[in-house]
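Asks: Protein chains in written order, with the UniProt record's numbering: chain A, 1 to 326; chain B, 1 to 326; chain C, 1 to 326; chain D, 1 to 326.
Treat the hints with caution; some may be incorrect.
Calculated lysine-lysine pairs in the DSBU-like style (CA-CA distance at most 30 Å, straight line) [unchecked claim]:
(1) K281(A) to K98(B)
(2) K88(B) to K88(A)
(3) K137(D) to K184(C)
(4) K281(C) to K299(D)
(5) K67(D) to K299(D)
(6) K127(C) to K193(D)
(7) K193(C) to K193(D)
(8) K127(B) to K281(A)
(9) K88(C) to K67(D)
(10) K193(A) to K281(B)
It is worth saying that the hints were derived from the structure and are not from the lab.
Computed from a predicted model, the values in this text were never measured in an experiment.
Protein chains: 4
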Amino acid sequence: MPIPAANLYPPFNIVRLSHVEFAVTDLAASRAFYVDTLGLQVTDEDASTIYLRAMEERGHHCIILSKAEEARARYLSFKVYAEEDLDKAHDWFKAQGKPAEWVERPHQGRTLSTVDNFGAPIEFYFKMERLEPIHQKYALYHGVKPLRIDHFNCFSPDVDASVAFYNEIGFRVTEYTEDEETGKLWAAWTHRKGGVHDIAFTNGRGPRLHHTAFWVPTPLNIIDLCDLMATTGYVSNIERGPGRHGISNAFFLYIIDPDGHRIEIYCSDYQTVDPDLEPIKWDLKDPQRQTLWGAPAPKSWFEHGSLFADVEPEEPLLKAQPIIAP
Amino acid sequence: MPIPAANLYPPFNIVRLSHVEFAVTDLAASRAFYVDTLGLQVTDEDASTIYLRAMEERGHHCIILSKAEEARARYLSFKVYAEEDLDKAHDWFKAQGKPAEWVERPHQGRTLSTVDNFGAPIEFYFKMERLEPIHQKYALYHGVKPLRIDHFNCFSPDVDASVAFYNEIGFRVTEYTEDEETGKLWAAWTHRKGGVHDIAFTNGRGPRLHHTAFWVPTPLNIIDLCDLMATTGYVSNIERGPGRHGISNAFFLYIIDPDGHRIEIYCSDYQTVDPDLEPIKWDLKDPQRQTLWGAPAPKSWFEHGSLFADVEPEEPLLKAQPIIAP
Amino acid sequence: MPIPAANLYPPFNIVRLSHVEFAVTDLAASRAFYVDTLGLQVTDEDASTIYLRAMEERGHHCIILSKAEEARARYLSFKVYAEEDLDKAHDWFKAQGKPAEWVERPHQGRTLSTVDNFGAPIEFYFKMERLEPIHQKYALYHGVKPLRIDHFNCFSPDVDASVAFYNEIGFRVTEYTEDEETGKLWAAWTHRKGGVHDIAFTNGRGPRLHHTAFWVPTPLNIIDLCDLMATTGYVSNIERGPGRHGISNAFFLYIIDPDGHRIEIYCSDYQTVDPDLEPIKWDLKDPQRQTLWGAPAPKSWFEHGSLFADVEPEEPLLKAQPIIAP
Amino acid sequence: MPIPAANLYPPFNIVRLSHVEFAVTDLAASRAFYVDTLGLQVTDEDASTIYLRAMEERGHHCIILSKAEEARARYLSFKVYAEEDLDKAHDWFKAQGKPAEWVERPHQGRTLSTVDNFGAPIEFYFKMERLEPIHQKYALYHGVKPLRIDHFNCFSPDVDASVAFYNEIGFRVTEYTEDEETGKLWAAWTHRKGGVHDIAFTNGRGPRLHHTAFWVPTPLNIIDLCDLMATTGYVSNIERGPGRHGISNAFFLYIIDPDGHRIEIYCSDYQTVDPDLEPIKWDLKDPQRQTLWGAPAPKSWFEHGSLFADVEPEEPLLKAQPIIAP
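If we strip away everything but chain A, and leave its shape as in the complex, we get (with noise of 0.2 Å):
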């Protein structure tokens, strides 16, 4: 199936993505992992929430952290340009035959919550409260020194209705591995904000996700978490990397929360706000796709990701992993 033309007008404006709220099963674990170790700046915080944002952010949030006692990935959220945008989201997902609520979230206005077509559960508002800027407040950097929420993976068992759909919403595919064989995309990277991605899809049990990236300034910033996490107790954190993906070209470095939500870290993709940006293709048997200096991922990079809340995973469509390291 050919990758679809960019959808130049679609049915309501998406800005980018803005947060995700995680499910998490010990509070203060994960505070020490996404303030102390990660360097979030905490924003509201009570018994069973914490609210956090990165350096540059001005929206309230970009992680929401709940204490629950299983862990989940509870929601997407996406920011669209205006109020007006939100009402013909609502409409479109209502035709669309999509569950389309209203939902009360704090320090948000109106927002809508629905599912994508694997049932993904997302949501879309256009007003959030916004703060002062930090990101002159160099004293308060530390840790990787996250400037801001960069993109969502997810798994999919079906990586072409996937791309279908958000295209349709006018998400813009900017790179994308194809399975040479079947002539089926193997993965794919769609993008609202002007970089490589706001969200991007890879075949597997889904949907799941797979990881929700932070872009920090270069890649020693990476470096330096490399070293405080190694000697802090969460060596067994590092999942995988340092190192430069083929695909978007970023500098990579991806780690594990205390409930096992996988976190990116991440810099040096590049922009692509020129509509007519023609997509990179990548074969599904080059290794340098994933990593372009030819270091293997290992086998739980290919396998685990975050359930979603309140919806059961499919097999995906293809089979066989192209696990390149055990």
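Mind docking chains B, C and D on chain A? Use the hints.
Replies: Then chains B, C and D, alone, in the frame of chain A:
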């Protein structure tokens, strides 16, 4: 005069700044500067003209150097979203009583030539010849490893008027400096593509082009360029920096090409895609707005700029120059 | 006067510079500067004295801050190779007619107190309390991440005389600036430990201490410190830089502590262990010797220094200051 | 067997490791690797031999590549302090019953050829042709920007015996790995020039040369080299890393030249000039000693090494390989 609210629904959709054409008096000297020293890639050249792109760009050119008797900035060019935006732009400029002509530009599709509110020559196109990606051809990287054109900065005789004009066609203010005594804008930074600026304006005899900026991966690339220029005969072409701007938070270096066109090398600003991003206000008397670390800028930086072709600059409304170093 | 040849067999074996004691007028202000901002580690402190070490040092201290009425540099201290070198040093200074007394210094073994050729107070010891390594305790790193003390730089009223004296006790010249008109040395850099310098001398009213330098991992740590100081009330304590010295090739930043003691943050010089390393000569009229990239140093940098305890500085032999910026 | 105390007064004074001669089977392929890719500078070459130096070195060569039928490490060479040290070395090796011959080496003064305790060919000289400084000729820097040769690492069949031998001639242990069960050394790092090592030994079939290391300015240069190698046909020559060693704290990358000679690119170890520096002990079972961040090394890294000319390696005393990854 207050900063105008973002115009969420401008008359046509500008994607980003695209390129500038510099009239230069010695093409070989310019080539040595832009190609051999900065590291831009030649995409086309003949005896009178050189086309250049930066490493992650797939459009054919971000700078055109053309042989001439006198150094000038010929025009600033912007990419629009779709072909119909070009026609809308044509009609809008006509309606403003501006010249609006279709011109032939090699390697581009239909191109509209017009002027801004102070007569600065600007152009719009929607389609440019696309080239193969080279951002992972690391053997080609040299000099400062320029990734992409980032912004233009212009002297304006009336920054409020410039902001009003560009705001109407969709540019959103991210930061600005106000003269407390008169309540007038001293300078403003406005964007389309989601960084701090595609085009900025600063009070001064204008219209003139203050500088054109390129984005690089990290501050270390800027340090490398200083070392290279300082030891290859270009030490006097280093005008200011490296340093950190308070405004935009960017790590910067200003250099002067053989004809006096000023180039900024730049990294580390922040993402501004939220349409409700609040502009950051700076006080004209705060020296950290210019250099966060306190070092003053040289006098030339406040006075020198490139003349635009076919337009005589006017004296600025605000007279006193905020010169903070001789 | 020519640079003296390296004295391959000096009368006693000095390993490296070790530490400086600063008399400071406000211990809390000094602590905020050296500990909270620069990131040095406290190894001992009481109401009148603070001992500090840098991250890779295992000796107990590289700076001692002691409360006093007036800011002074109390003495410069050097580590010798073995206990017998201490006795040889004692005898050598005695033979030169210098005071040579055994003094008690906390956390150190036997310590010799004496003066150099211009009366600057210097000390020698062979054994200091050794501490556990902390260079891999990455959670402790903050501020500029100082790794080790690197060198002292002193104003000397007669640089030729200073070089002759220190050369005799084994310091080897790596780079120097000569005044072409008089044939006299303007400045010289001399080492024991295999970098460009342990101690340098520059023409000026002296003896006075121009600065004490710390080594950091990369230029980015220096940029981080600029950002931190600029946003925590220390912007006026940034005196010069960042930049690249022509001499030594070091990437530098000069900052001023609350009492006016100057600290250099420094990285990127080169290895000089070869005893036959040829000193590099610079012309006093070459501005790139000071700043490879051409930016001038401020006037204060040429004039200000810390007085040593108990010695009145003399006027320099060479009068004209090579001031290249106001 | 305990680590021997530092021998403060060795029989002759070795300054540092100096260079290695590699027998290579395809001189053009080696040149492409060392010159075009790594960025070493050619100082002399003819049809059978290429001499190379790194950017801050003023000695004529740090690697000699010589055309041969079979790949070998011909000898490891060390610089001594003064000519009399060469004669002392000659007499000392003779007294040990070792061969000790004066050999002709182009661009060097008198050169002593001998062997170490396991027959590895080693050489000593005191004078080498000196070249003009190029460390500020920034236009010459490319590839990984190698600054200087840093160390050799050898497989030894009995690390205790190697340490005893090299300790006697003045090499001081900085870090070591002990096999808790047998009390024997698994590996040891020893230095002369004030870094973590000039030569290290690791248990294995030996003597063989495990690798030769080059020092670079920052971890970003290593990342640049990975990008370059990965996109110029050398991806399979990247063997291990980048990463941080627990031992030495160095940021490392291991690459394999066209003949299988292993090169390490390295930065960020620490200064070790204090003669009373306490060696750091690591447990053989601590995986962080090899990679602080936990990533395992490939099997080849534990097994492959360069044969020395004219010496058959012996099986190691300790049999079990601490292989932690396939």
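Asks: None of the hints should be skipped; say for each whether it holds.
Replies: How the hints compare with the structure:
Proposed proximity of K281(A) and K98(B) is contradicted: the alpha carbons are some 44 Å apart, above 30 Å. For the hint pairing K88(B) with K88(A), the CA-to-CA distance comes to about 25 Å; that is within 30 Å, so the pair holds. A hinted pair counts as satisfied when its Cα atoms are at most 30 Å apart, and K137(D) with K184(C) qualifies at roughly 28 Å. About 50 Å separates the Cα atoms of K281(C) and K299(D), which puts this hinted pair outside 30 Å; it is violated.
Restraint check for K67(D) and K299(D): satisfied, since their Cα atoms lie roughly 29 Å apart, inside the 30 Å limit. Restraint check: the Cα-Cα separation between K127(C) and K193(D) comes to about 20 Å, which is no more than 30 Å; the hinted pair holds. Taken as a hint, the K193(C) and K193(D) pair is honoured in the structure, with Cα atoms around 9 Å apart against an allowance of 30 Å. Simply put, K127(B) and K281(A) have alpha-carbon atoms about 22 Å apart, close enough for the 30 Å limit, and the pair holds.
With a CA separation close to 52 Å, the supplied pair K88(C) and K67(D) exceeds the 30 Å bound. In summary, the hint linking K193(A) to K281(B) is supported, as the alpha carbons are separated by about 25 Å, within the 30 Å threshold.
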